[in-house]
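Engineer: Chains as they are written, first to last, in this note's numbering: chain F, 347 to 450; chain E, 622 to 1173.
It should be emphasised that the hints constitute simulated quantities derived from the structure, not laboratory data.
Treat the numbers as computed from the prediction; the structure is a model and nothing was measured.
Fair warning: there could be bad hints in the mix.
Derived CB-CB ranges, DEER-like [what the hints assert, rightly or not]: (1) E:L879 x F:V422: 53 to 63 Å; (2) E:Y868 x F:T385: 31 to 41 Å; (3) E:I867 x F:R436: 24 to 34 Å.
By construction, the Cβ of each residue, glycine as well, lies at the ideal position given by its N, Cα and C atoms.
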Amino acid sequence: MTSPHEQKKRKVNGSVVVTANRLGDGAVVYRTVNNDWTTDLASAAVVAAPAAAVLLQSAEADSVRAVGPYIAPVEVAAGNRVLPGNLRERIRLAGPTFTLPGAA
Amino acid sequence: MYRYDELDQALVDQRVSEFRDQVSRRLSGELTEDEFKLLRLMNGVYLQLHAYMLRIAIPYGTLSSEQMRMLAHVARRYDRGYGHFTTRQNIQFNWIKLEEMPDTLADLAKVGMHAMQTSGNCVRNITTDQWAGVAADEIEDPRIWAEVLRQHSTMHPEFTFLPRKFKIAITAAAHDRAAVKVHDIGLRMLRNSAGELGFEVMVGGGLGRTPFIGKTIKPFLPTRDFLSYVEAILRTYNQYGRRDNIYKARIKILVHELGADKFAAEVENEWNTIKEGALALDPAVVADIAARFIYPNYERLEDNPAALARARKEDRAFAVWLDNSVSNHKQPGYAIVTLSLKPTGAPPGDATADQMDAIADLADRYSFGEIRVGHEQNLVLPNVAQRDLLELWQQLEAHELATPNVGLVSDIIACPGLDYCTLANARSIPVAQELTKRFGDHALAKTIGRLHINISGCINACGHHHVGHIGILGVEKNGEEFYQITLGGRADEGAKLGALLGPAVRYGEVADVVEDVVAAYVELRERPEELFVDTVKRIGVEPFKERVYATR
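Generate coordinates for the entire structure from the input sequences, incorporating the hints supplied.
Structural biologist: What follows is the structure, given as C-alpha cells:
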C-alpha cells in the first residue's frame, strides 16, 4: 500500500513490473517487453532488479501514452501466473474491493 | 438559490474553452505531464489509482434541481452511474476520461457549474452550514458572506499560488454545523453587546498530519471589515507561509510556530494598511449580493398540522424517520429534511444517477427546487412543507434515501481510501460498510444515541478522523492495513481532537473494536442522555482501553 512515490525510494526486490496510468482515460497499464503498454498484467514484462531500472527509463521516455510510471512488485505463482504484489496493486488491477453503487 | 450573472457565466465558459485547448495539447504531446498537471489541478482533475477523478464545486453546498439533474447526466454519460459527495460540500466523479473532460465541463457550464479552485494551492470552495437560510438558530444567512468571499477569491491573482491549499468555512448559527474550527479560516457570525453584526475570526485550524483546532485572533470583526481582514490574513500567510516543505506549508503551521498573538499582530499590521481602502464593504454591495439570493415564497402554514400528527401515530417507521431526519425550520409549517446517503452496507456519501434524478424531482415537488450538501456527506431538502412530509418520506423510501440514521453511529464520514486514492495507505469504505452492518439496527443505534464515526485511509485525514467521536485512521505496517482508533474528538463549537485508544488493530478487527468501545460506553455512561463524547470527556480513554485490549 506504499505510495508509488515511496516505492520509488525503496530497494527493488524480487519480481517487478513497470506500471502507469494511460494518458487518455487513466486506465492502469503495464510496460511490455516490446516497449509498449498493456492493460493485461499477464502480458507485462516481469523483470528483476537490474532490468527494472532500464524498463522504467524506457517507460518514462514514453510520457505521451502513459503517466507516472513506477516499479511495482508482483508475485509469480504456479504456471508463471503473474499476480500483483500488494493490496494497492491488486486494487489497481481489479478495481475497488466493494460493489460499485448501482452495479449490484 | 443565488443567481449568477453574465460575468460568472462568461468566466465559466471561457475556462472550459481554455481547458479544452490544454487537454488537446496534452493529448498530442505538446504539453508534458509536468506542465499539464498544474493546469488540470486548476480544473479539479486528479489522477487516482484507476482513472481520473473530477471534483466539481458546489459553492456553499447549495444546488438547484437543474444542477442535480446535470450531475445525474454526468454520472451516466461520462462516469459509471454514480457520484460521491465530499466533506467539503463538493461532488467527485471517479471514472471520467481525460479525453471527455472538456465535454463534461461544457455540460456542467450549461447550469453554471465548474471545477475551478477545487484543487491547487488557492482558496477552495467556501463551505457553510447546510441549513443556511432556513435554520431556526441562525442570525443571518451565512451564504451571503460566503458569496462575498467566493466572488473575491475566484481567480484572485494574488492568491492563486498560495504556499498551500486554503479552506474557509462560515457559520451563523449557535450550533456549528460547518466545522469552522478545523478550517484555515473559520468565521462565526455573532452580535456584539451593541447588537451589531460581526464575526469571530479563527485561524490555523486543520487536520491532516499535524492537526490543530483554530485559534481566535479577532473576537469581533465588524461586517464592513469582513473582506479586508480576510485579505490581510491571506496576505500574511502568503508572505510568511513556508514554501520549502509541503508538510509545513499550511497556515496552521505558521500560526503554531509564530504563536497566535504574533500572527494576529502581523495580520493587524497588514490590515491597517488596507482596511479603509477598496475592500471596506459598502453595505449596498452586500445588499446587492443578498438580493441575488432567491428565497422561497413560503405559504402561511401552521406547525405540526393534524394530518402529520395522525400519520406519526399510525406509522411507526414514519415516526422514526421524522424524529431522526426532520429538523425545525425558521418558517412555521415547514421543515428541513436530511436525506441519508448512508444506507446499510453502502459507500458513505455516494448517490447513483437515478437517485440524483429522483432527488431533483422531489426538490422541485417539495422543496422549491433547492438541495443542499452537508459536510457529513448527506443531502438536505431545506424547504419542505410539514403537510408533505409523509408523501415525501414514502418516495424517499422508494429510492433508499430515508435511512433514519442521521447523526447516529452508522452515519459515517469516510474518505475514498485505498479503493480509489493514490495517497491512501488503507481502505476506508469497506470499514465503513462493515460498521453500518454492525449498527444497522435502528433500535440499537437509537439506544447508542448521537455518535459520529470518521474514517480516513491515510494521515491526510480527508475523513476528518481526528474530530470523529470515534476516529479511525488507516496506516500501513509491513504491507498490511492497520487502523489507529481515537476517541473523544468533535467538530462542532466544542471542537476537540480525539485521544489515541491504543495500539493499531488489523483490518478485520476494526468493527469488533468499535463494537467493544460502544458497548463499554453504554455500560459506562451516567445516564442514557449522556452522549458518547461526553462520557469520554468525563472518564477519559483508559476505561475503554482496558475493555478493548483486555482480550486482545
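Engineer: None of the hints should be skipped; say for each whether it holds.
Structural biologist: Do the hints match the structure? See the list:
1. Between L879 (chain E) and V422 (chain F) the Cβ separation comes to about 55 Å, which falls inside the hinted range of 53 to 63 Å.
2. The hint said 31 to 41 Å for the Cβ distance between Y868 (chain E) and T385 (chain F), and at roughly 35 Å that hint holds.
3. Checked against the given bound of 24 to 34 Å, the beta carbons of I867 (chain E) and R436 (chain F), roughly 29 Å apart, stay inside it.
No hint from the list above goes unmet by this structure.
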